[in-house]
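Given the coordinates of chain A, work out where chain B should sit on it, guided by the hints.
There are 2 protein chains.
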Amino acid sequence: MTLKKGKLFGIGVGPGDYELLTIKALNVLENVPVICSPRSSPEKESIALSIIRPILKKRENREIKSTSEKINNDFKNEESCNKLIYDEETNIKGNKENLKVLEPVFPMTEDIRMLEKHWDEASELISGHLNKGIDVAFITLGDPSIYSTFSYVQKRLEKNFKIEMIPGINSFTACASSIGKPLVEKDEILMIIPKINENIGNLLKEGNNFVLMKTSRNTEELENIINEQNVEKEITSVQNCTMKNEKIIDGFPKNKPYLTTTILKLKK
Amino acid sequence: MTLKKGKLFGIGVGPGDYELLTIKALNVLENVPVICSPRSSPEKESIALSIIRPILKKRENREIKSTSEKINNDFKNEESCNKLIYDEETNIKGNKENLKVLEPVFPMTEDIRMLEKHWDEASELISGHLNKGIDVAFITLGDPSIYSTFSYVQKRLEKNFKIEMIPGINSFTACASSIGKPLVEKDEILMIIPKINENIGNLLKEGNNFVLMKTSRNTEELENIINEQNVEKEITSVQNCTMKNEKIIDGFPKNKPYLTTTILKLKK
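Protein sequence lines, in the order shown, are assigned to chains A and B.
Using the numbering used here, the first residue of the first sequence is number 400, and each one after it goes up by one.
Using the numbering used here, the first residue of the second sequence is number 400, and each one after it goes up by one.
There may be inaccurate statements among the hints.
Pairs involving identical chains hold if they fit within one copy or between any two copies, as the list cannot separate such chains.
[What the hints assert, rightly or not] Cross-link-like lysine-lysine pairs, in silico, BS3-like; alpha carbons within 27 Å at most:
#, residue 1, residue 2
1, Lys594, Lys667
2, Lys666, Lys554
3, Lys667, Lys558
4, Lys531, Lys406
5, Lys580, Lys666
6, Lys664, Lys554
7, Lys594, Lys604
8, Lys594, Lys632
9, Lys653, Lys554
10, Lys531, Lys580
11, Lys594, Lys646
12, Lys604, Lys667
13, Lys632, Lys604
14, Lys404, Lys531
15, Lys594, Lys516
16, Lys613, Lys667
17, Lys655, Lys666
18, Lys646, Lys457
19, Lys664, Lys594
20, Lys404, Lys580
21, Lys561, Lys653
22, Lys632, Lys558
23, Lys585, Lys653
24, Lys561, Lys404
25, Lys666, Lys406
26, Lys653, Lys643
27, Lys667, Lys554
28, Lys646, Lys554
29, Lys613, Lys664
30, Lys580, Lys516
Simulated from the structure, these hints should not be mistaken for laboratory data.
Only chain A is shown next, with the shape it has when bound in the complex (with noise of 0.2 Å):
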């Protein structure tokens, strides 16, 4: 007889508030064993954790009760009723006994091999716990198949596993929620740009509307290229969407947190 292997979901969790997750996630979330969380240092945790983290204190406080409970009925010893605790060695954090949190290091590098060593050995990580019949959850900031770090673990695991994605609330759609504003209508066209290069030109010649991710990439050249367009426009920034200190911004702004997303509009 052969093991049935566990599930692997690729979440998005949302922008930042814990209410934008989707009642699909929050049923996973709530008894996967296993949730995956990568995080860019070893000393950070991850925002989508942070995101999740009244879903953890839930498990903590059920797991602890279920447990408590058994230690009354069966008077055995209390080691297993620890709240969430860290194994440094495997770098897994959990109640032993119901929920497992890890958070292998996706480093915020260009050096495509160390971030290749990163994929492989969190894939790893990751497909231990499947090939052991356990489903993991590996959440992602907004959606999982935008601009997401799940989609390096999902093209190393898709072939051995099965692999089940749930979409997440976009920032983009959540700060044209934030601002008050629609993002397209009608026939008009939308272009999600993460980074803006030469191209930016011609791009601007084709398009009304345009999301920049991650604005704090953008060298003030790039922005000058924008600002001098001969046409009305409607540039608004929002940083930190949807989170407590969220911040709505006219033209671009000077400090950029990493959570700064840009919306344009051209009024051609």
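Just chain B now, kept in the frame of chain A:
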């Protein structure tokens, strides 16, 4: 003393699967006194309304129960114990005490004067409630900022009323999840195209990843332009995404129901 005005919510209910509602949308829809869901003809329920059917059922039961309890306690008449009823005159469906469902008609026409007349009427219907201090939730398929009928009502009411938009899952990210592939990675540009026209050639030149919304409106000629692109390409269409009758098709489909989206990737 002036009456406090009601608030208008513009709520994205996602692509079709009830579980793709956000927690935030659920919280509002379970409690708001008036839900507005435009439909394309008087005979047809809107898809958005059919998605939130479980919430309507739950509220119906809850309200019947609470009304029955009241009757049992007070020995009052049973008139208010009705199920959701349809009032032909006011175009209002609802338990009179607790939930009203407004279903104004937004016909599928390109006659802009006729459309404006209907949008005006719907906005008046909604403002009638807001002016009485009653909150209204306008529901829309997908997300309220992306090609949504909500925009038309929003424009008419935003000067006089407080409006909150709640983002929803887009059809295109849901399609990517159903297909099980990323939409965009790294520094790739994503173009969302609602209606392909004579500029399609230029757009194809500038981008790699395209979402063609409402594929049903494409002509064969334009599909040929795409098919003739002399680069490796991946074309996948999704019909009725995340619904029970979801269908994933390689290339452009021959039969095109209203909810058909095509994802196009050019490997340049």
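How do Lys646 and Lys457 come out at 27 Å by Cα distance, when the copy is not named: within, between, both, or neither? neither (30 Å within a copy, 37 Å between copies)
Are the CA atoms of Lys666 and Lys554 at most 27 Å apart within a copy, between copies, both, or neither? Intra 40 Å, inter 17 Å, cutoff 27 Å: inter-copy only.
If the cutoff is 27 Å on CA atoms, where do Lys613 and Lys667 land: within, between, both or neither? Let me know, please. For Lys613 and Lys667, the Cα distance is within 27 Å both inside one copy (25 Å) and across copies (24 Å).
Taking 27 Å as the upper bound on the Cα-Cα distance, should Lys404 and Lys531 be classified as within, between, both, or neither? Answer is within: at 6 Å inside a copy they meet the 27 Å cutoff, but 57 Å across does not.
Within a copy, between copies, both or neither: where do Lys664 and Lys594 come within 27 Å Cα-Cα? both (17 Å within a copy, 19 Å between copies)
When Cα atoms must be at most 27 Å apart, do Lys667 and Lys558 count as within-copy, between-copy, both, or neither? between (47 Å within a copy, 25 Å between copies)
Is it within a copy, between copies, both, or neither that the alpha carbon of Lys604 lies no farther than 27 Å from that of Lys667? Intra 10 Å, inter 21 Å, cutoff 27 Å: intra and inter.
What label fits Lys655 with Lys666 when the C-alpha limit is 27 Å: within, between, both, or neither? Answer is within: at 26 Å inside a copy they meet the 27 Å cutoff, but 33 Å across does not.
Evaluate Lys561 and Lys653 at a C-alpha cut-off of 27 Å and name the case that applies: within, between, both or neither. For Lys561 and Lys653, neither the intra-copy (45 Å) nor the inter-copy (30 Å) Cα distance is at most 27 Å.
How would you classify Lys580 and Lys666 at a CA-CA limit of 27 Å: within, between, both, or neither? within (15 Å within a copy, 34 Å between copies)
Evaluate Lys666 and Lys406 at a C-alpha cut-off of 27 Å and name the case that applies: within, between, both or neither. neither (47 Å within a copy, 30 Å between copies)
Between Lys531 and Lys406, at a C-alpha cutoff of 27 Å, which is it: within one copy, between copies, both, or neither? Within one copy only: 11 Å inside, 51 Å across.
Checked against the numbered hints listed earlier, the structure breaks hints 9, 18, 21 and 25; every other hint is satisfied.
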